[in-house]
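Asks: Top to bottom, those sequences are chains A and B. For the first sequence, our numbering begins at 1 and goes up steadily by one. For the second sequence, our numbering begins at 1 and goes up steadily by one.
In short, the hints are calculated from the structure, not lab data. Do not rely on the hints blindly, as some may be mistaken.
[Stated by the list, open to error] Listed below are the simulated DSS-like cross-link pairs for lysine-lysine, each with C-alpha atoms no more than 27 Å apart in a straight line:
(1) B:110 x A:315
(2) A:232 x A:267
(3) A:381 x A:315
(4) B:291 x A:267
(5) A:394 x A:201
(6) A:201 x A:403
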Amino acid sequence: MPNAPSETPRLVIKGVSKIYPSVIANDNVDLTIMPGEIRAVLGENGAGKSTLMKIIYGVTHPDKGEILWEGSPVTVQNPAHARELGIGMVFQHFSLFETLTVAQNVALAVPGRLDLAGLSRRIEEISGKYGLPVDPRRLVHALSVGERQRVEIIRCLLQNPRLLILDEPTSVLTPQAVRKLFETLRQLASEGVSILYISHKLDEIQELCHTATVLRNGRVTGHCTPSQETPKTMARLMIGEDLPTFHHGEPEEGREVRLRIDGLSVKSEDPFGVDLEDVSLEVRSGEIVGIAGVSGNGQQELLRAISGEEPVPDKRWIHVCGVPAGRMNASRRRALGMCFVPEERLGRGAVPRLSLTDNVLLTAFRRKMVRFGMIRRKAAKTFADDCIRLFDVKCGGAASEAKSLSGGNLQKFIVGREILQEPKVLVLAQPTWGVDVGAASFIRQQLLCLREKGTAVLVISEELDELFEICDRLVVIAKGRLSPSKATSETGVEEVGVWMSGMWPGAEPAKDEAPHVA
Amino acid sequence: MQPSLLSAILFATIVAGTPLIIAAVGELVTEKSGVLNLGTEGIMSMGAVAAFAVTVHTGSPVLGILAGMTAGMAMGLVFAVAALTFMANQVASGLALSIFGVGLSAFIGKPYESQALPSVATWNVPGLHKLPLVGHAFFEHQGLVYFSWALLAAVAWFLYRSRLGLVLRAVGEAPVAAHSVGYNVVRIRYMAVLFGGAMAGVAGAFLSVFHTPLWVEGMVAGRGWIALALVVFATWRPARVMVGAYLFGGCMITQMFVQGSGMHLNIPSQFLSALPYAATIIVLVIISHNKATIRLNSPASLGQPFSPEA
Ligand SMILES: Nc1ncnc2c1ncn2[C@@H]1O[C@H](COP(=O)(O)OP(=O)(O)OP(=O)(O)O)[C@@H](O)[C@H]1O
Ligand SMILES: [Mg+2]
């Protein structure tokens with residue numbers, strides 16, 4: 001609990017400003033956090049939350065303002081300095097080394113002699129204790145984003161920081177993992193650790209945080225005590241208006257199968273990966289099908305097989321709009337009218353150093369942006385501008401580099417880019433990852449609109465709420481196998497939760513669909 | 001083939017591979033940190049001339065090696081200041097360094113062109129050098145040959161077993177992440193470039209003081225470029241660098257022997273001269289063609305500038 005006012009605050013920020021060429025990311029921000037306090041930092045996408053955290057951690061330097069660490073003024077030179085002070089940070093965009101193992105990644109952040117065997121044991125111990133299972137021997141590039149997030153958190157906790165900064169740590173964690181993490185965080189807070197917590201999941205903030213600071217367009221616009229608010233009132237504080245409500249329309253007639261997966265089996269190249277076994281699924285025009293499941297159960301492999309990043313040996317395993325497409329690469333599948341949103345937005349979804357216009361060209365060039373092999377920049381720019389306008393992407397214009405966008409804004413841009421291509425089949429992984437509540441409901445609404453226009457939509461997500469909100473049917477993936485599908489209206493969170501551990505009726509010889517507690 | 005001939009070819013192969021190993025291992029460390037220094041040819045030339053000059057004046061090959069090393073580090077420093085501090089394009093800076101080094105060494109070396117040094121005695125490994133066939137080939141070498149083996153082992157251990165090696169690989173893989181975990185990326189890259197420069201300098205010293213103890217303009221003769229190619233074709237792995245270096249050395253020696261022996265073969269000599277290059281590349285490409293291992297071993301940030309203020 002927040003301590004007596006007589007105590008020295010762990011951290012005080014006074015009048016901090018950070019100005020980028022195109023935008024004022026932080027404008028005269030004040031923030032105080034006491035030992036043992038868990039403070040939420042709330043705000044829309046692009047409000048300046050990550051920028052503020054990076055300033056505290058020494059990744060970027062403020063243009064103006066003062067920082068007091070435990071009562072004395074400091075200039076945080078760089079992250080090394082911040083860590084010496086006792087500040088630890090979990091980044092929104094992970095700072096992991098892909099070609100190294102989990103244990104090596106952690107070793108890089110804990111000082112002392114290199115003892116990978118001992119460290120691996122500690123990682124296993126801690127990951128068990130905190131409910132964040134990871135295998136220390138695995139290479140990071142083979143992990144799903146959910147697993148990567150666990151690695152980041154474990155690495156940070158192992159440093160025993162006195163101020164812990166968590167920038168959207170739960171965006172791709174399962175509900176169980178989140179619950180465990182919260183127990184851990186409360187325990188740490190009771191030992192005097194201060195925690196700065198950023199999340200777009202308002203119910204989490206309400207459950208965990210003692211206090212909250214709201215940022216809007218770089219300025220502090222208010223404070224609140226989350227326990228005395230509801231997610232609705234906090235959302236209003238954040239975006240300044242009420243959340244829009246959903247509108248489920250009915251799709252047009254003529255519901256042919258647009259995406260068919262038939263007996264797909266793939267052996268994972270990574271020895272620790274998940275093999276897909278006999279996966280079959282159909283997605284019809286005008287429906288949204290959701291794949292639920294704990295990350296690391298084959299979602300990545302499935303997505304790669306569907307998108308064509310990893311073509312499969314038998315072309316009949318995947319049909320796109322009736323065409324056997326199993327052996328086609330991603331570009332040829334796109335030519336058939338399929339679009340994808342991969343889960344890694346920097347690197348897979350967008351090229352960080354390219355401008356937004358160039359990023360549009362990469363996937364949408366078929367929309368008359370290339371003529372006689374020459375790029376029509378104007379068409380590409382118009383498309384990018386439309387995407388920025390329609391999806392309310394906050395950025396310095398179509399010419400800004402993808403990596404300069406805030407996490408949620410980049411996600412909006414990528415999703416928008418694919419949706420605006422009016423695909424026949426759209427496959428999305430974690431479509432609202434890191435997107436603020438307002439924008440998330442906008443994206444969901446757009447998906448519903450696409451469905452109405454007859455697109456076949458497949459959504460892979462760990463967020464059950466989201467899946468239940470927009471999907472017509474749900475299937476569950478566990479250990480590389482797919483459950484039978486169920487209409488969303490005929491199932492519930494509990495049943496899907498049970499299925500997520502691989503125990504669905506089809507898994508047994510029994511024919512009838514047993515009631516869910518079977 | 002008589003045993004003595006085979007033994008002689010093996011011996012010469014190892015000698016020919018030694019400068020390649022030393023220079024390539026240095027470059028490997030540099031590239032593992034994410035820096036592409038194409039200046040090896042120039043650095044080796046400077047190392048060779050500095051080592052030769054100092055040995056001529058002092059009579060001490062050891063001081064010669066140290067001089068070569070120092071000259072190499074100085075060249076490395078020039079590159080590091082340009083490419084790391086001022087973030088000049090690494091490819092352009094490296095090429096410039098090569099041209100500059102070759103030219104400057106020719107200029108410095110003018111007064112030494114007609115001089116020769118006594119050849120440096122070999123050091124025979126007690127006991128082992130008496131072994132039939134392999135004794136002469138492996139254990140009757142000059143000190144720097146043994147040094148190249150120790151260097152390989154030390155660098156392999158450093159990269160894959162030591163903490164600093166892990167940090168170095170991390171920096172080459174993802175400098176931004178390394179910075180945010182608290183490492184000084186620029187400083188680590190400086191050290192890697194200086195080490196690479198020092199080793200290229202030593203490799204040059206081996207050529208002018210040990211291998212053929214005299215100075216001739218252009219005597220490095222493209223070995224710096226070969227070393228660079230070896231690193232890439234060996235997919236940044238020390239053991240494969242060694243395989244490549246000896247393979248190259250072996251083909252070189254064998255074709256020279258064939259050409260010199262007056263054997264009547266119906267093969268154009270140009271083809272024989274090109275053979276070592278082609279054979280090395282083909283073999284290394286074949287043993288390193290696995291996509292996954294390439295991805296795991298190549299430093300992802302190679303050649304990209306890094307600035308701490310993103
Ligand atoms: N390196 C940069 N160059 C230019 N603009 C930047 C840079 N980094 C951030 N910005 C801009 O600063 C603003 C704030 O970004 P920040 O990442 O702090 O937002 P955020 O509150 O964390 O949003 P999200 O919830 O989407 O993560 C954004 O408009 C972003 O485009
Ligand atoms: Mg952010």
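Asks: Now tell me if each hint is right for this structure.
Replies: How the hints compare with the structure:
For the suggested pair residue 110 (chain B) and residue 315 (chain A), the alpha carbons sit about 68 Å apart, so the restraint of at most 27 Å is broken. For the proposed pair residue 232 (chain A) and residue 267 (chain A), the alpha carbon gap of about 45 Å is over 27 Å, so the pair is violated. This hinted pair does not check out: residue 381 (chain A) and residue 315 (chain A) have alpha carbons roughly 36 Å apart, beyond 27 Å. At most 27 Å may separate the alpha-carbon atoms for a hinted pair to count; residue 291 (chain B) and residue 267 (chain A) meet this at roughly 17 Å.
Distance hint between residue 394 (chain A) and residue 201 (chain A) is fulfilled; the C-alpha atoms sit about 20 Å from each other, no more than 27 Å. With a CA separation close to 23 Å, the supplied pair residue 201 (chain A) and residue 403 (chain A) stays within the 27 Å bound.
Going down the numbered hints, you'll see the structure goes against 1, 2 and 3, while the others check out.
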